[in-house]
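*Asks:* Line order of the protein sequences matches chains A and B.
Reminder that position 49 of the first sequence reads as 49 in our numbering, one-by-one numbering, no gaps.
In our numbering, each number is its position in the second sequence, counted from 1, plus 1000.
Worth flagging that the hints you see were computed from the coordinates, not collected in a lab.
Quick reminder that beta carbons are idealized off the backbone N, C-alpha and C, glycines included.
Mixed in with the good hints, there may be bad ones.
As the list claims (entries may be wrong) - SDA-like mimics (lysine to any residue), calculated; alpha carbons at most 25 Å apart, straight line:
#1 K482(A) <-> E1109(B)
#2 K1213(B) <-> P154(A)
#3 K1127(B) <-> P154(A)
#4 K151(A) <-> K1214(B)
#5 K1214(B) <-> K1127(B)
What the hints assert, rightly or not - Rough simulated footprint, nothing fancy, chain A against chain B, three-plus residues with beta-carbon under 8 Å:
#6 1010 to 1019
#7 1100 to 1108
#8 1124 to 1135
#9 1154 to 1167
#10 1184 to 1197
#11 1218 to 1225
If you want the building blocks of each chain, they are given just below.
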Amino acid sequence: MVIHDVIIVGGGLSGLRAAIAAHDGGLDVGVVSQVYPVRSHSGAAQGGINAALGNAEGGEDDNPERHAYDTVKGSDFLADQDAVEVMTGMAPGIIFEMEHWGVPFSRTKSDKIAQRPFGGGAFPRTCFAADKTGRFLLHTMFEQMLKRHIKVYPEWLMMSLVVNDGVCCGLVGYHIPTGEFESFQGKAIVLGTGGYGQVYARSTNTLINSGSGMAHAYHAGAPLKDMEFVQFHPTSLIGSNILVTEGARGEGGYLINKLGERFMKKYAPKVVELAPRDMVSRAIQTEINEGRGFDDSYVLLDLRHLGKEKILERLPEIREHSIHFVGVDPIVAPIPIQPGQHYSMGGIDTDFDGQTPVPGLFAAGECACVSVHGANRLGGNSLLETIVFGKRSGEKTVQYVKGREWKPVPEGVFQYALDIVRARVAALFQGTGQQEPAAIRAEMKETMFFKVGIFRERKLMDEALKRIAELQERYRHLRAIKGGKIFNLDLCRAYELRYMLDLAEAIAAGAIARQESRGSHSRLDFNKRDDHNWGKHTLAYPTPEGPRLSYRPVTFTKWQPEERKY
Amino acid sequence: MNVTYTVFRFDPSKDKESRYEAYQVPVREGMTVLDGLLYILDNVDPTLSFRFACREGVCGSCAMFINGSYRLACQTQIKDLKSDRIKIEPLPNFQVIKDLVVDLAVFFEKLEKAMPYLVAAGALPEKERLQSMEQRKQINEVIDCILCAACQSACPQAWTNKDFLGPAVLTKAYRFVGDSRDGAQRERLKLVAGEDGVWRCHSVFNCVEACPKKINQTVAISRLKRKAFVQKLKFWQRDGATNGRKVG
């Protein structure tokens, strides 16, 4: 058994920041990660991270309160306003700390951290390092972790959480390169396991974003909150759905339909392309649905007027991705784009110190739902969330671990958990059915994108839920998993698939129940926001019959709901 | 259209020797080498092992030896290989864990030897330090390194000297040495100018050719050499060894 004071699960920004905070607070920390930390999905974030620094021209009057208001309005008034104020208040300090740690931010003419406009923000507030902000933040965080000699367990997949007497005390890990199982014991466990993008077709997310970490928390007793809110990013490359940063529009890019119109003028006359993501995605999909797209599947993102110099300085990787993956050089031709699943506003229910309702279990970043994003996240707020709440979670574990008397956990608890996981894995190897896990995964992804997608209605979502139940049934009849102990992808993917289906079910169930349109949850059969009945968070708990839903009020501090116009 | 993938296979738990296995992969427009491997995994042979994550050339997971060149599988369009036969092998000169997966533990351990983190020069201001775009340009290329280890695998010095830090690790060192904000140049140069550091590099440029991010590691290393040399000279100068002549 591996023992640390705190076990962090996930080597992305949230996990590493939590690890650093716990380490700096005097705790012994171990980081369990499915991949080497620098491979984590945080590194794919491009456009930037929000903080009211006021560095950009025209941004001088920005402040954390205005950042909070924009975030709350962007969330369609579902975010908890106290949590949002915590996040935006800490934002400048977080950016300065990352700069001090070495992030190579792009700079203004006066040598300060450069900032660009992003959707839904009143000022240019998004601090950036070209279009590689997430990668530089992740590598810098990794460097700070190396500096502290924090122990990392790379290529360990979490197979289950261990709960004793209602208190989370560890997890069962599977070492992918050797196929060995091991239990990890900690007084506190912090999940920074990311989102579930791969539950959807057309996701911008990395291929390892199964979301299984969220599902493990769900089964360990922590409810999933607001799962029906799924962000679709307006601009992903056709075919691969690789992300094209919002920064491309922040720098001045146009969206163009088949008629050559800048169609966003119709949908958001004041801010045009810089409306929040939910609105821009709906606008693009509407253009496509009404026959003004190309091949019924995409529109164009035109950057040509920005000029070669600006594209090369500010958006070099967007250019490379366009060339590599769609064969288009944005200096000379517009980029074909379509909306793609991008981010989960929902996640494991936490407070703004990362605490879940299960003592000892913490979560931060995309896997968690504080909630600071409500029904729609603003671009540039997710990188911020990972670092703010990663740090706060790590700091909270220090208080949690040091503030208690600790009795040893009976050895049998871990043995039991290990035995269960071993039995589940053995059962997969001995499967006698005919079902292909890859086929189930593909059907789940298509079902979720087309039936619980950008525009939703009862009939399609009912079909989706029924289909997911069928897929869960088919999962019980998988063919035998093939291969041996070493680096068995067939096993890892089949094992995670079960948890992805759980998440799909929670998303669909929450979406069917919520009879209104709010943020990313846009229903054709209930096309208005309904604050009276639905100004509340959804909480999903697992039962043998599927998710049981309950609700919790939203926390308001300064801002009452208003109509969301841009 | 189909292409034939010829893939290196080796499972040390049961195979005595490695072998190559051929797979037919149907190609569609825009398909990458990684897409083809995923096609095999999902439809033909679930026992195949390889690493992947971002599928967009930014995470560094899928560096492989493809038709005799170092490439990221995800960043390589099948049609760009201009061949209906694609031979895929793991990164040479690393120990194979299974099939296309190599053991990178040695690589990440070496990285720690280069003091791979920024050390503040002087007291930190309350806000950000100032840095001009001109100063940042010094490191603009090297910060693109995604630690995929392709260059480390391609370096002939690393083949013969197991302790040689290697191009990726030295490039990481230069990322800080070249950063106007760093205050640990002397210590870091000392670390990389040792026996297993920059002087082992004979500027063969294999690393540059292997790099999927088009970084010029050899130039970064030669800059480290120059700085290390100047530092040595300054040391001698202080001791009077240069007869008072100004150097550096």
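*Asks:* Now tell me, hint by hint, if it's right for this structure.
*Replies:* Outcome of the hint check:
Between K482(A) and E1109(B) the CA atoms are separated by roughly 33 Å; this puts the pair beyond 25 Å, and the hint is violated. Our distance criterion of 25 Å between C-alpha atoms is met by K1213(B) and P154(A), whose separation comes to about 24 Å. The hinted pair formed by K1127(B) and P154(A) fails the criterion: a straight-line CA distance of about 34 Å is larger than 25 Å. Restraint check: the Cα-Cα separation between K151(A) and K1214(B) comes to about 32 Å, which exceeds 25 Å; the hinted pair is violated.
Between the alpha carbons of K1214(B) and K1127(B) the distance comes to roughly 33 Å, so the proposed pair goes past 25 Å and is violated. A stretch counts as covered by a chain when three or more of its residues have a beta carbon under 8 Å from one of that chain; for the stretch 1010 to 1019 of chain B and chain A the count is 4, and the coverage holds. Look at the stretch 1100 to 1108 of chain B against chain A: 4 of its residues bring a Cβ nearer than 8 Å to a Cβ of that chain, three or more, so the hint holds. With 9 residues having a beta carbon nearer than 8 Å to a beta carbon of chain A, the stretch 1124 to 1135 of chain B meets the requirement of three or more and the stated coverage holds.
Taking a C-beta to C-beta cut-off of 8 Å, the stretch 1154 to 1167 of chain B contributes 0 residues in contact with chain A, too few for the three needed, and the coverage statement is violated. Counting residues of the stretch 1184 to 1197 of chain B whose CB lies closer than 8 Å to any CB of chain A gives 0, which falls below the minimum of 3, so the coverage claim is violated. Look at the stretch 1218 to 1225 of chain B against chain A: 0 of its residues bring a Cβ nearer than 8 Å to a Cβ of that chain, fewer than three, so the hint is violated.
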